[in-house]
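Q: Sequence:
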Amino acid sequence: MDRELIPHASRYDVNEEFPSDAMSKLSKMGLFRLSIDENYGGVEGSNLHLAIVTEELARGCASTAVIYATHLSLCTKYIDLFGSHKQKASYLPNLVASNVLGALALTEADAGSDVASIKTLVTDTKGGFLINGSKHFITNAKEAGIIIVVATRNPSLGSKGMETFILETPCEGLTITPQKGKLGVRASSTCELNFNNVFIPKDNRIGRPYKGFPMTMQVLDTGRILIAAQALGIAQMALDASIQYSRHRKAFGNLISEFQTIQNMLANMATDIEAARLLTYRCASLSDYNQPFKTEASMAKLFASKVAVESASQAVQIHGGVGYFAPNVAERLYRDAKITEIYEGTSEIQRILIARSLLNQ
Numbered sequence: 001m002d003r004e005l006i007p008h009a010s011r012y013d014v015n016e017e018f019p020s021d022a023m024s025k026l027s028k029m030g031l032f033r034l035s036i037d038e039n040y041g042g043v044e045g046s047n048l049h050l051a052i053v054t055e056e057l058a059r060g061c062a063s064t065a066v067i068y069a070t071h072l073s074l075c076t077k078y079i080d081l082f083g084s085h086k087q088k089a090s091y092l093p094n095l096v097a098s099n100v101l102g103a104l105a106l107t108e109a110d111a112g113s114d115v116a117s118i119k120t121l122v123t124d125t126k127g128g129f130l131i132n133g134s135k136h137f138i139t140n141a142k143e144a145g146i147i148i149v150v151a152t153r154n155p156s157l158g159s160k161g162m163e164t165f166i167l168e169t170p171c172e173g174l175t176i177t178p179q180k181g182k183l184g185v186r187a188s189s190t191c192e193l194n195f196n197n198v199f200i201p202k203d204n205r206i207g208r209p210y211k212g213f214p215m216t217m218q219v220l221d222t223g224r225i226l227i228a229a230q231a232l233g234i235a236q237m238a239l240d241a242s243i244q245y246s247r248h249r250k251a252f253g254n255l256i257s258e259f260q261t262i263q264n265m266l267a268n269m270a271t272d273i274e275a276a277r278l279l280t281y282r283c284a285s286l287s288d289y290n291q292p293f294k295t296e297a298s299m300a301k302l303f304a305s306k307v308a309v310e311s312a313s314q315a316v317q318i319h320g321g322v323g324y325f326a327p328n329v330a331e332r333l334y335r336d337a338k339i340t341e342i343y344e345g346t347s348e349i350q351r352i353l354i355a356r357s358l359l360n361q
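First residue of the sequence shown? That's 1 in our numbering, and the numbers climb one at a time after it.
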């Protein structure tokens, strides 16, 4: 990581450059195969393994971690968990070999955390289905060759009308428009998708009719573990960079690492990071042993993202003026951290889910 990713992270960010070299090396290491059925080219692995890999990637480059986690947990894993044998045989070998990149098209302009409010419509047609509507803020869409599309039979049905489909891209009727001006994770693409009578073959519906919501929620629950892991990696790099800087920066004739205020900041950062790590790893382990983990996933994402934002802010403070300017690592981490409090369910949504679980016990 220190050799292959960290030295290039700033360039990826400044140029909004897809990290092709990093993705190629991850593929050669077999990390895209992790936790996917061995019968389709995967290798044995667990959600804990995925969390550790994602954390380490985020320590080096948050954008690379986002691309990796989206591809594996939101697309490849979706097919691995719920796809038919034919779907798995058709798509998983290329996904685990990273011959194609994967994405999940779920979020819409008026349906973010409120997933059941999606309006992208699916209708039957000869030989398959037609998709009409639009999606927003879709990670990996620009580069993706396979997109899991979540649509509804009727918006009035809410969660009971949702279905999911495998879409190969490029395809007729689909327009993908990059969304510019992101605060952070700039090396990952984020796009708007417009569907105009996009045809999907009948064999490409995942699972049974009207059962898209529970499948999607299960995938998102696991995805939240990896968002927590991403936040951990950002926070850890904020701490590492702060320690390194404080050991070399002098003020008033002394290293700033000798100042008790700086020491207190570092100690608090380290303690919070370790607490978030234990919460995240425990949640991943619960899921690996088929124990209930939905509430713990919300807790892990809520706390780890908070720690990431606070640690990145402290890193800027410790670096002082130099930390406020690009391409300083503290400046990039400060921007990258914020998204962990937003996507795959905002912090406010996580609190609602946690409270609901507690009150329903």
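Hints listed in this document are in silico derivations from the structure and should not be mistaken for laboratory results. One or more of the hints may lead you astray.
Unchecked claim - Keeping only pairs whose Cα atoms sit at most 27 Å apart, straight-line, the calculated DSSO-like set for lysine-lysine is:
#1 K202 to K119
#2 K119 to K25
#3 K182 to K86
#4 K182 to K126
#5 K338 to K142
#6 K202 to K126
#7 K294 to K306
#8 K211 to K294
#9 K119 to K160
#10 K25 to K202
#11 K338 to K182
#12 K294 to K119
#13 K119 to K211
#14 K86 to K180
#15 K202 to K180
#16 K119 to K180
#17 K180 to K338
#18 K160 to K202
#19 K294 to K160
#20 K180 to K142
#21 K86 to K160
#22 K250 to K294
#23 K160 to K126
#24 K142 to K202
Q: Now, for every hint given, state plainly whether the structure supports it.
A: Outcome of the hint check:
1. K202 to K119: holds (21 Å)
2. K119 to K25: violated (39 Å)
3. K182 to K86: violated (38 Å)
4. K182 to K126: Distance ~40 Å between K182 and K126 Cα, so the pair is violated.
5. K338 to K142: holds (22 Å)
6. K202 to K126: holds (9 Å)
7. K294 to K306: Holds: K294 and K306 sit about 19 Å apart, inside 27 Å.
8. K211 to K294: Judged against 27 Å, a Cα distance of about 19 Å means the pair holds.
9. K119 to K160: holds (13 Å)
10. K25 to K202: violated (36 Å)
11. K338 to K182: holds (11 Å)
12. K294 to K119: holds (26 Å)
13. K119 to K211: Within the cut-off at roughly 16 Å; holds.
14. K86 to K180: violated (37 Å)
15. K202 to K180: violated (34 Å)
16. K119 to K180: Status holds; Cα separation ~24 Å.
17. K180 to K338: Roughly 17 Å between the alpha carbons, so the hint for K180 and K338 holds.
18. K160 to K202: holds (20 Å)
19. K294 to K160: holds (20 Å)
20. K180 to K142: Answer holds: K180 to K142 is near 12 Å, not above 27 Å.
21. K86 to K160: holds (26 Å)
22. K250 to K294: violated (47 Å)
23. K160 to K126: holds (24 Å)
24. K142 to K202: Since the Cα atoms of K142 and K202 sit roughly 25 Å apart, the hinted pair holds (cutoff 27 Å).
Hint compliance for this structure: hints 2, 3, 4, 10, 14, 15, 22 are not met, and every other hint is.
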